[in-house]
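Asker: Got chain A; can you put chain B on it based on the hints?
Residue-level listing of the chains:
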Amino acid sequence: MNDMALTATAPAAAAETTLKMTARDVRVFYGEFEAIKGVSIDVSKEDVTAFIGPSGCGKSTFLRCLNRMNDTVAAARVTGDIRLDGQDIYSPEMDVVQLRARVGMVFQKPNPFPKSIYENVAYGPRIHGLARSKADMDVVVEKSLRRAGLWDEVKDRLGDSGTALSGGQQQRLCIARAIAVNPEVILMDEPASALDPIATAKIEELIDDLRGRYAIVIVTHNMQQAARVSQKTAFFHLGTLVEYGDTREIFTNPKETRTKDYITGRYG
Amino acid sequence: MQARIRRRYAQERNFRLMGLAALSIAIGFLLFLMATVIASGWTSFVQTRVLVPVTLSPERLGVTAEAVKADPALLRRANFQGVVSDSVEQAFRTDVGIVSDGAWLAVREAVEEDPGLIGQTTEMWLITTSNLDQLAKGRIDLEAGEADRPVSDAEVAVWRKLSAEGKLEKGLNGTFLTSADSVDPELAGIWGALKGSFLTLVVTLLISFPVGVLAAIYLEEFAAKNRWTDIIEVSINNLAAVPSIIFGLLGLAVFLNTLNMPRSAPIVGGLTLALMTLPVIVIASRAAIKAVPPSIRDAALGIGASRVQVVTHHVLPLALPGMLTGTILGMARALGETAPLLMIGMRAFLTSVPQGFTQPATALPVQIFIWSDNVSRGFVEKTSGAIIVLLVFLLTINSLAIYLRNRFEVRW
Numbered sequence: 000m001n002d003m004a005l006t007a008t009a010p011a012a013a014a015e016t017t018l019k020m021t022a023r024d025v026r027v028f029y030g031e032f033e034a035i036k037g038v039s040i041d042v043s044k045e046d047v048t049a050f051i052g053p054s055g056c057g058k059s060t061f062l063r064c065l066n067r068m069n070d071t072v073a074a075a076r077v078t079g080d081i082r083l084d085g086q087d088i089y090s091p092e093m094d095v096v097q098l099r100a101r102v103g104m105v106f107q108k109p110n111p112f113p114k115s116i117y118e119n120v121a122y123g124p125r126i127h128g129l130a131r132s133k134a135d136m137d138v139v140v141e142k143s144l145r146r147a148g149l150w151d152e153v154k155d156r157l158g159d160s161g162t163a164l165s166g167g168q169q170q171r172l173c174i175a176r177a178i179a180v181n182p183e184v185i186l187m188d189e190p191a192s193a194l195d196p197i198a199t200a201k202i203e204e205l206i207d208d209l210r211g212r213y214a215i216v217i218v219t220h221n222m223q224q225a226a227r228v229s230q231k232t233a234f235f236h237l238g239t240l241v242e243y244g245d246t247r248e249i250f251t252n253p254k255e256t257r258t259k260d261y262i263t264g265r266y267g
Numbered sequence: 000m001q002a003r004i005r006r007r008y009a010q011e012r013n014f015r016l017m018g019l020a021a022l023s024i025a026i027g028f029l030l031f032l033m034a035t036v037i038a039s040g041w042t043s044f045v046q047t048r049v050l051v052p053v054t055l056s057p058e059r060l061g062v063t064a065e066a067v068k069a070d071p072a073l074l075r076r077a078n079f080q081g082v083v084s085d086s087v088e089q090a091f092r093t094d095v096g097i098v099s100d101g102a103w104l105a106v107r108e109a110v111e112e113d114p115g116l117i118g119q120t121t122e123m124w125l126i127t128t129s130n131l132d133q134l135a136k137g138r139i140d141l142e143a144g145e146a147d148r149p150v151s152d153a154e155v156a157v158w159r160k161l162s163a164e165g166k167l168e169k170g171l172n173g174t175f176l177t178s179a180d181s182v183d184p185e186l187a188g189i190w191g192a193l194k195g196s197f198l199t200l201v202v203t204l205l206i207s208f209p210v211g212v213l214a215a216i217y218l219e220e221f222a223a224k225n226r227w228t229d230i231i232e233v234s235i236n237n238l239a240a241v242p243s244i245i246f247g248l249l250g251l252a253v254f255l256n257t258l259n260m261p262r263s264a265p266i267v268g269g270l271t272l273a274l275m276t277l278p279v280i281v282i283a284s285r286a287a288i289k290a291v292p293p294s295i296r297d298a299a300l301g302i303g304a305s306r307v308q309v310v311t312h313h314v315l316p317l318a319l320p321g322m323l324t325g326t327i328l329g330m331a332r333a334l335g336e337t338a339p340l341l342m343i344g345m346r347a348f349l350t351s352v353p354q355g356f357t358q359p360a361t362a363l364p365v366q367i368f369i370w371s372d373n374v375s376r377g378f379v380e381k382t383s384g385a386i387i388v389l390l391v392f393l394l395t396i397n398s399l400a401i402y403l404r405n406r407f408e409v410r411w
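Respectively, the protein sequence lines represent chains A and B. Quick note: the first sequence uses numbering that gives the first Met the number 0, first residue 0, plus one each step. Quick note: the second sequence uses numbering that gives the first Met the number 0, first residue 0, plus one each step.
Read the hints as simulated data drawn from the structure, not as lab findings. Virtual Cβ for every residue (Gly too), placed ideally from N, Cα, C. Among the hints, a few may not be true.
[To be verified] If you want the footprint, here are the derived chain A segments under chain B, 3+ residues with CB under 8 Å:
hint, segment
1, 108-119
2, 172-184
3, 207-214
[Unchecked claim] Restraint ranges, calculated between C-beta atoms of paired labels, are given here:
hint, chain 1, residue 1, chain 2, residue 2, range
4, B, MET33, A, TYR29, 36 to 42 Å
5, A, GLY158, B, GLN308, 37 to 43 Å
6, A, PRO53, B, SER23, 53 to 59 Å
7, B, TRP227, A, GLU92, 27 to 33 Å
8, B, GLN308, A, GLY85, 24 to 30 Å
9, B, ILE401, A, GLY128, 56 to 62 Å
10, B, ALA25, A, PHE32, 47 to 53 Å
11, B, TRP190, A, GLN97, 58 to 64 Å
12, B, TRP190, A, ASP135, 44 to 50 Å
13, A, ALA200, B, GLU11, 31 to 37 Å
14, A, GLU204, B, ALA25, 56 to 62 Å
15, B, LEU399, A, ALA200, 48 to 54 Å
[To be verified] Example chain A residues on the side facing chain B (calculated, C-beta under 7 Å, incomplete):
hint, residue
16, ALA73
17, VAL96
18, GLY123
19, ILE126
Bound conformation, chain A alone (with noise of 0.2 Å):
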């Protein structure tokens, strides 16, 4: 049922924009239980991909296979096949590190590490060698820290600990963390469902202003949110795709009973 609905969107999100990611019957076991029961979904260059879907319908353990997050929990075991740029990020030559600079994350909680804002956003051009002297690394910061729409509020108290902002302000440090490194995919679990309304609508509209320039891929729990971010929108339940494609579709003419039942509130 979801390759008839993959079939049925595929091709012409392909038609239309450039494929970044691509996922073919992706399942992910814990043990004996299949938590993802073969996904196959691409993503696109310029579009904010949603997933959403109920509690435990494997939205965001198929984000974590994306990056590759899921190789730290030791149970855990994926098949099939993930591809970044057409190139397999299962594959043996692919070094883990290298992915996870070109596809960055940005997690449910805010998690600052427990150092100044500037050390925050430097600290992964730093391990990636991507800034060359003091100068540059202050230019990196600041970029970051401007896309991230962070910068006017923090630029006077760089050296304070990251951990001392507010809320919303630590889930922008935290993007302005994964765009500092230069990735192509930023992946957001949930990046909004700690904070309240206003630090919500601020993250909403930077994701509309990174839109573009990196592929986004967000899962959410809130319906409103993936209509009002994305352009493509995936909806999972118990581990299956049930339907894939461009979000007004999705929210005004379902073509999934079940789907309908979801944004409708019959369940969820």
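Answerer: For chain B alone, kept in the frame of chain A given last:
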């Protein structure tokens, strides 16, 4: 309803009172311990001296002032013992021992400073025998009959006479803090044992800290979680509970009998105590590493840090205060440890201060153990004095641990 509320209040009050009572008992015991130790030990930091006119005749000494000025090394061979015993004999005309067997050392020091003293008679304050010292400190029960106390009536008479003439004074006991053990309590000191403890703990720290921290990091951050790591975890917890004397036997069997390392040496003591401290440090370090939130690891991994970078840049700095606290407490335990050191021969009677890691040495708690075996009144006092020194060091170390924990703890 009202009755039930009253009962609940009564229960809470009783519970608080019981807690308070438990606390008071604990504090009471502690105060009692401190009070007894300090009351019987503080006098070991004080020493009684007697005023003696010392006649430094060149004939008796065997050297002249001129010869000494030319070659000060001659004093090492001069007969100061004879000079002192002659002078005491002449001044007091009694068979009772008045000055310590080691009193001549102070005379030699004075002459080394000023060789011009040779050929003159100088009044000097010399250390008394332990018996006179104890009499002067009021440690002897004079009501008891002569047979029931360690000093003779003749000594009591001498002491009465000397103190009436104002020829006795009490001063700070430098010997106690600067010299090694001795057969004479008035000459015995803890510096040898302290230095032995220090050398031993240096070895312990240098081995157990890096090994313990690396083991903890490997187990927490890199090792697969399987049956083997479970077995290792259980073993480490068991090792931490093994009685310390077993580690002493292990040290004896491995380091002395198999590897033929030097007996009684701080290096062997340090290795043995390192074995004992290692599990404590591993457990404390693992707890500290576990306390670092996983979100920090995710954050670092998420921007492409390698696992080693995650550990060295993030986990280790955040876990270090906890690791240090655990290490310091482990070291404090090692400092107070006696049994394993007895097994590897660090209980030898040593009158010299150890100069290196392979020289025979003893340790502070072992010194306390050795002295506590001695029935002489003077050593009873010295035992408590050494306990005071040990407790001061332990309190300092524990305060340091608490300070470090509060100072460097990172909060989120």
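Asker: Run every hint past the structure and note whether it holds.
Answerer: Results of checking the hints against the structure:
no. : hint                               : in the structure
1   : 108-119                            : holds (count 5)
2   : 172-184                            : holds (count 5)
3   : 207-214                            : violated (count 0)
4   : B:MET33 with A:TYR29: 36 to 42 Å   : violated, 57 Å
5   : A:GLY158 with B:GLN308: 37 to 43 Å : violated, 23 Å
6   : A:PRO53 with B:SER23: 53 to 59 Å   : holds, 57 Å
7   : B:TRP227 with A:GLU92: 27 to 33 Å  : holds, 31 Å
8   : B:GLN308 with A:GLY85: 24 to 30 Å  : holds, 28 Å
9   : B:ILE401 with A:GLY128: 56 to 62 Å : violated, 41 Å
10  : B:ALA25 with A:PHE32: 47 to 53 Å   : holds, 51 Å
11  : B:TRP190 with A:GLN97: 58 to 64 Å  : holds, 60 Å
12  : B:TRP190 with A:ASP135: 44 to 50 Å : violated, 57 Å
13  : A:ALA200 with B:GLU11: 31 to 37 Å  : violated, 48 Å
14  : A:GLU204 with B:ALA25: 56 to 62 Å  : holds, 60 Å
15  : B:LEU399 with A:ALA200: 48 to 54 Å : holds, 50 Å
16  : ALA73                              : holds, 6 Å
17  : VAL96                              : holds, 5 Å
18  : GLY123                             : holds, 4 Å
19  : ILE126                             : holds, 6 Å
Taken one by one, the earlier hints fail for this structure at numbers 3, 4, 5, 9, 12 and 13, listed in ascending order.
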